[in-house]
Amino acid sequence: MITIERMLIDTTEKLFKQTCTKELINDSENGIFPKIFWNELDSMGITTIGVPEDCDGSGFTKLDAFAVLKIAGSFAAPIPLAESIIANWQYVELGLPLPNTKQTISMINEDVDLQQHSEGWIINGTFNRVPFTQWADELVSPVKTTTGKWYLLTIPLNLTTTAPDSNIAGESRNKVICQNTSINSSQVIAMTPEHAAQFIHETLLGRTMMMAGALQQILTMSIHHAKERQQFGRPIGKFQAIKQQLAVLTGLATSANVIADSAATATVDNIQFQTEVKIAKTYISQSISKAVPIAHQIHAAIGFTHEHPLHQYTRRLWSWRDEYGSEAFWAKQIGENVLSSSKSLWNQL
Amino acid sequence: MITIERMLIDTTEKLFKQTCTKELINDSENGIFPKIFWNELDSMGITTIGVPEDCDGSGFTKLDAFAVLKIAGSFAAPIPLAESIIANWQYVELGLPLPNTKQTISMINEDVDLQQHSEGWIINGTFNRVPFTQWADELVSPVKTTTGKWYLLTIPLNLTTTAPDSNIAGESRNKVICQNTSINSSQVIAMTPEHAAQFIHETLLGRTMMMAGALQQILTMSIHHAKERQQFGRPIGKFQAIKQQLAVLTGLATSANVIADSAATATVDNIQFQTEVKIAKTYISQSISKAVPIAHQIHAAIGFTHEHPLHQYTRRLWSWRDEYGSEAFWAKQIGENVLSSSKSLWNQL
Amino acid sequence: MEASLQLPVSKASHSLTEFRHEVRAFIQKELDAGSFQPDCDSWLAGFSREWSMKMGEKGWVGMTFPKEYGGQGESNLKRYVVTEEMLAAGAPVAAHWIADRQTGPLLLKYGTEYQKQTFLPRICKGEVYFSIGLSEPNAGSDLANIHTKAVKESDEWLLNGSKIWTSGAHLQDYMIVLCRTEKQTEKKHEGLSQFIVDLRAKGVSIRPITLMTGEHHFNEVFFENVRLSDEMIVGELGEGWKQGMAELAFERSGPERFLSTYPLLEEMITVLKQRADADSTYAYTEIGKLVATLVTLRRMSFSIAQLLEEDQPASLVASLVKDLGNQFENTIIETARMLIESEPSTHSEQQYERLLAKAMLHSPGFTLRGGTTEILRSIVGKGLGL
Amino acid sequence: MEASLQLPVSKASHSLTEFRHEVRAFIQKELDAGSFQPDCDSWLAGFSREWSMKMGEKGWVGMTFPKEYGGQGESNLKRYVVTEEMLAAGAPVAAHWIADRQTGPLLLKYGTEYQKQTFLPRICKGEVYFSIGLSEPNAGSDLANIHTKAVKESDEWLLNGSKIWTSGAHLQDYMIVLCRTEKQTEKKHEGLSQFIVDLRAKGVSIRPITLMTGEHHFNEVFFENVRLSDEMIVGELGEGWKQGMAELAFERSGPERFLSTYPLLEEMITVLKQRADADSTYAYTEIGKLVATLVTLRRMSFSIAQLLEEDQPASLVASLVKDLGNQFENTIIETARMLIESEPSTHSEQQYERLLAKAMLHSPGFTLRGGTTEILRSIVGKGLGL
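Protein chains in written order, with the numbering used here: chain A, 1 to 349; chain B, 350 to 698; chain C, 699 to 1084; chain D, 1085 to 1470.
Hint data in this document are derived by calculation from the structure and do not stem from the laboratory.
Certain hints may be false.
Said to hold, decoys possible - Calculated pairs, DSSO-like style, for lysine-lysine (alpha carbon to alpha carbon, straight line, at most 30 Å):
hint : chain 1 : residue 1 : chain 2 : residue 2
1    : A       : 14        : C       : 1080
2    : D       : 1466      : A       : 290
3    : A       : 35        : A       : 62
Chain A with its partners taken away, still in its complex shape (with noise of 0.2 Å):
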């Protein structure tokens, strides 16, 4: 039986497969945005997967949208369609319309001051490290004030001053300062901290499904290499030191995977998804440090040229692994709830 879920999978795929090609993530490295592409799935809707129609979206999941993040990783999309989707919610959620306007997200947002007067609000501070801000129109982040409270602030970012940075996939991450940056009353939203806690968490878990895709995606690359690529009379993959580098490989991709998938499910059911989401991002950045060095290693001289698209993937997972927290920073987290607790940890799972 092919679900409908199946059919936008295989069309989104599909889609990915023609027109994000090598030449499309090199341009965009050099900062050109694919804005065809990019025209091509917002009009398609895949920019509003999991809100409701009626409230002008595309229907479907977040478990949907999920597993269409994965596919972009798998792709290494140079698009902006996590922090898309994310903000589309988030407005969603709040009770507000669909934006017109194209929006980035942060969930960085520690050192950053809110000042309500009579007219609106002043902000101070940096938001560090905001993917495709020369892109979008606005940033999105919840920002938690000295009261305790929590909003939610949509940021014109021809008010801010932004200064060029990007990580070592030539992916540009930006630094946005405010100084004293006036926005209206309607661009902050209150929300409660739950609201704010799954904002950071959907954030998480989306950045979880790019660095699945992407595994599968060298996995997928040093499979094929392994057949095509003859050395000594016979493709190298008959190798036993290389087949068992793969059987690795595909252990980290699979598993990698399963518990993606698990955490991306865990937001239907609302059942732990904050840890399973922690523990996917501990688990798969942690993949990372294992499974790149074997995707190069059965590559060779070959994977470490430009040319070959290998590095397309591995400079990605090696951002993206630090990229909203690495698995140091989580694992202690994880660790730290684990043993304040008066449970057993058979207990806590």
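Starting from the known structure of chain A, fit chains B, C and D onto it as the hints suggest.
Just chains B, C and D now, kept in the frame of chain A:
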């Protein structure tokens, strides 16, 4: 040119090879001390290597003694050779005559209380995990008093209570309990903190040399097994996976031997001896969690049986890596020293 | 993604979670009563007839077997819950483990009605135990290198040869023996058959293989003119290899492939909690990483149980779980050593030191049983079409 | 122990230690003057004619070469000290690295008097640089798969073919090219010869190979009827394979096999020192483990320098050092990530983040250059007589 040192090593190695059989080691785990073997070593003067001839020793250097201890480790020798040699060195260095009695040693002495009174001293406290107490007459240990002074104690074991314990290699590691144990003044010799530190690090290096020897032995056994054992019609050493594993094991065993030898050489030069010993213990202890699984993997099921001698070495390696401080314990000290210094790391090396 | 690597995400239903709590409560009651001491590797080393029969009474042995044969007709997922809870608690489940895991399913699939009626109800009661009879001396990884043979003489078969590494044979009742019933040809996988052999029959002798740990779990079992009736043939004559391999697939999928040292992890956490230690980043981080891996392996393994429930192929993914699981079992040991300074000993006063010693001593076995790391990785390589 | 694995323990003499301090003082002065910025992998990526000539002036390039050819006639141990200090400081030594490490020794061993007189003094001045010409496109690990050929026409040779992965060819002056001078037979190691080729000669064209890092260090070099005189033959015609392999042995023994990411370790320690962090057990322990490994590798590598000094075979141990060294270089990266939360970037404001990014991006190269992990382990396996 055959040096006298080379002859010592060759003779000792030959004796151990002939005498230190699988059965002798198994017997020792059942509490049977290899008296004849020990007496032979003693009569050859192996137990007083590093003690000058004019102090009734066999001459040679401490470096030679450590080389002999490596041989002892490479045959899993169930004898108190390190303990005896190191006790003898201390006696000589403190200007005392070599004892006629049999000594074991302890370097762990944190909770021992020492009180002087008119006729002698009263000791209270526990010495944990002391080797060969069944065999020895006396326990030799440096102890620091609450006033910060160091003394070398010689405690007759018949004045103490011992509680049996052993490591996972079946080597006895008993608890020695002193309850108002009264010893006379000649059994409490003042020593400098430098002497105490030397005793501690020589003890540590003794165990480290034994680990290096045992690592070398499991490498030799694994190479031998890979050449002899046939599978699918050819020696398993012909399979790429086994070949690669053996190469890794070779790297681990060889590097362990280099750093152990380097620390032993430092005894003579007296340059950074203590640091070098800590580094050797850390590096080698750490290597074992990689080396032992490889040796067992290569030996497969047969190496998991009591019948095969492999476990006599792997169980010792597991035990010795944790004795006198695991790599976690010593690495922490090394790291703390490095990070507390105002110099760059390179300038500290 | 390769289709063979697609794993469905399965979430436990509400009723399954309730059942889990029931099992957990049972175990806690027994623990409180002192029925057992949690131990590492309890599915291999913890032989307790009493415990197996208790589990039989609860209906937790052979619980997936049809009711007509004494089972509960329950799902693989429910069985998964029982095995996982038992392993996490380190309960002594070794006696019935093989019968429950592979002999039962084998007989259900290939056995005669007579065999099912005779053996399955007693397996379910937790009172009859089976051994595996595959490996032979000097065969190593080449499992098809089978020399044990059964030759038909009038209406009986005469079995001669030997099997090695049979865990628990000295305590168990029967063995499923894979042997030659035809002369060996070039195609060494052909002409093999499986028989049920009574381990107390005349001509059977059992020699213990003492492990490096000093323990006796494994045996070499010798057959000298052991008489077998046709009734004891399992499945088709000559199809033994295929049947035996199907049996092996059951071996690799379960949580025993990553939970062997779990009791050590739990005890390590207990010890760490008691430590008044300000420097806790190290412990938090390392425990967090272990927990992340544990949860991932549980999700994978549960998904495999789901696949088995749906009669889907799972051998490739099962091999991955075993490989990752064995690494995890060893990482627990090494993390323990790094976080808590101790000298492990099997007879220490500290439960922590005892569990660590046991885990270490058993560790070489983790990758040997149920297929070595090389074999598993070769299976995966083959699955990838290399 | 296998004789080939015996390593003498060598301690630095007093004068050697004094020399080390001299080198260190020179580097510190240059650092203070801002002559260079410490970088990872500087022996591959840090090309600076200025720096190489400065080192030439000090007599630290080709310092083991005889004085008659511009060298200092110094020991391998002294050269070891210079290379180690340069790498630890992350100094830009790439320009002269190959000439100093392998071309010089090759010419000293096999070169004609004319070649020695012509090239060695300029190498020692740090002003003439050489490339390696071994690997060819599509040959992979099969180094003997050589298709470049030189054919004699009257009194000249015509060179045709191409070489790949030649680091720095676009900036360097000459290449030692291994090529066929006889038709290929079954024995593909025979009929190969080495020539000195001027990289600015007619018929030589150089195509950059952009790395995944975006950097240009490697090239593909094409030869189209490049004319070579007999004077440019290195050693014996037909002996090129043996000579080329001897050259490779020089490649694996040096401290560049474990110090490529050392500047990151030093910077990590600087950052950790600045952190007011009570939770330091983690950092202490992990730094302590790295230091223990570093010291061990230095001892091994220094012992190899001693072996080379005594003309003893060292290729087996050199392979071990490279394998362990590459792992160490990667462990530094992973430890950095675990101890200091950051997002590495090649153009970060933080030196730490820049070094981490550089180290990561270069890391796939560590095991590729100078023999892959598989090849090294096969060499060891062969050495063990497997």
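Tell me, in ascending order, the numbers of any earlier hints that this structure violates.
none
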